[in-house]
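Undergrad: Sequence:
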Amino acid sequence: MRKTALVALVGALLATGATFEASATATAAANATTANATTANATITNSTTANVSDGAVSAAALPEKFATHSAALARLREGGLASKFPKPKSSGNCTTRAKGVTNCTSLEKINKKTVEGMRIFAQKSGCKIQITGGTEWGHAPRNVPDPDNHAKYKSHWNGYKLDVSTQAGDGGTCVTNYVTTHYRRDGSVDGHPRYISGGGNWYVNEGNHWDVTYF
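Going by mature numbering (1 follows the signal peptide of the UniProt record, and there is no 0), the letters in the sequence shown line up with residues -24 to -1, 1 to 191, in that order.
Derived by calculation from the structure, the hints in this document are not laboratory data. Careful: at least some of the hints might be erroneous.
[As the list claims (entries may be wrong)] List time: in silico DSS-like cross-link candidates among lysine-lysine, alpha-carbon distance up to 25 Å:
1) 88 <-> 65
2) 41 <-> 88
3) 41 <-> 75
4) 85 <-> 63
5) 60 <-> 89
6) 41 <-> 63
7) 65 <-> 89
8) 88 <-> 75
9) 85 <-> 41
10) 85 <-> 104
11) 100 <-> 89
12) 75 <-> 65
13) 41 <-> 104
14) 65 <-> 85
15) 85 <-> 60
16) 104 <-> 65
17) 63 <-> 75
18) 60 <-> 100
19) 100 <-> 41
20) 63 <-> 100
21) 88 <-> 60
Using the sequences and the accompanying hints, generate a full structural model.
TA: This is how it looks when you write it as structure tokens:
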């Protein structure tokens, strides 16, 4: 009887151990599932945060800018490009950037990326670039309140755009030929034909100038 009882006791202990092991395995699996779910949620959250809409500058670092007109123009002309970038034209022969002043052409507060983009264009095309519009007041998306300086717009005021003359005497024929033969035609903007470069920048022919946007 004692032997039989001992065998029964050992069997019971072994069964209990198996139950504990199964329980531990189940707990570990549950913990792993929870951890994976947490990681997945974190990934989704990060992805959502990174996926900001175009122009939402509040969700990303603001672009670096040139503090002054002269500094931006000096950079455009560096590396042997002085002959490619004559003095920007304006009807008022001025470079003032101020709200309400619309007869100047200013490069003050222009994005550094915009300047570098135009330098690359000059190098590749070999064209003279006559700038006729920069960061001065007066360029506007239509039918929106306070349009020029609204932070979300890839606008002239915010440093993303330059106007480049299409006039033959300004080197505009060269610019137009290069844009229309090297870039992809893609619809229009406000009725004006748009061309998109390999880098995704826009060149919109607005008649007497190209409206160029460097994103």
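Undergrad: Against this structure, judge whether each hint is valid.
TA: Checked hints:
1. 88 <-> 65: Within the cut-off at roughly 20 Å; holds.
2. 41 <-> 88: Judged against 25 Å, a Cα distance of about 5 Å means the pair holds.
3. 41 <-> 75: With a Cα-Cα distance of about 18 Å, the restraint between residue 41 and residue 75 holds, given a limit of 25 Å.
4. 85 <-> 63: Status holds; Cα separation ~17 Å.
5. 60 <-> 89: holds (18 Å)
6. 41 <-> 63: Answer holds: residue 41 to residue 63 is near 20 Å, not above 25 Å.
7. 65 <-> 89: Holds. Residue 65 to residue 89 sits at ~21 Å (cutoff 25 Å).
8. 88 <-> 75: holds (22 Å)
9. 85 <-> 41: Within the cut-off at roughly 5 Å; holds.
10. 85 <-> 104: This hinted pair holds, its Cα atoms lying about 23 Å apart.
11. 100 <-> 89: Cα-Cα ~16 Å, so holds.
12. 75 <-> 65: With a Cα-Cα distance of about 19 Å, the restraint between residue 75 and residue 65 holds, given a limit of 25 Å.
13. 41 <-> 104: Measuring from Cα to Cα gives roughly 23 Å; hence the hint holds.
14. 65 <-> 85: Roughly 18 Å between the alpha carbons, so the hint for residue 65 and residue 85 holds.
15. 85 <-> 60: Holds. Residue 85 to residue 60 sits at ~21 Å (cutoff 25 Å).
16. 104 <-> 65: holds (13 Å)
17. 63 <-> 75: Holds, at about 22 Å.
18. 60 <-> 100: holds (12 Å)
19. 100 <-> 41: This hinted pair holds, its Cα atoms lying about 23 Å apart.
20. 63 <-> 100: Roughly 20 Å separates the two Cα atoms, so the pair holds.
21. 88 <-> 60: holds (18 Å)
The structure meets every hint from the earlier list without exception.
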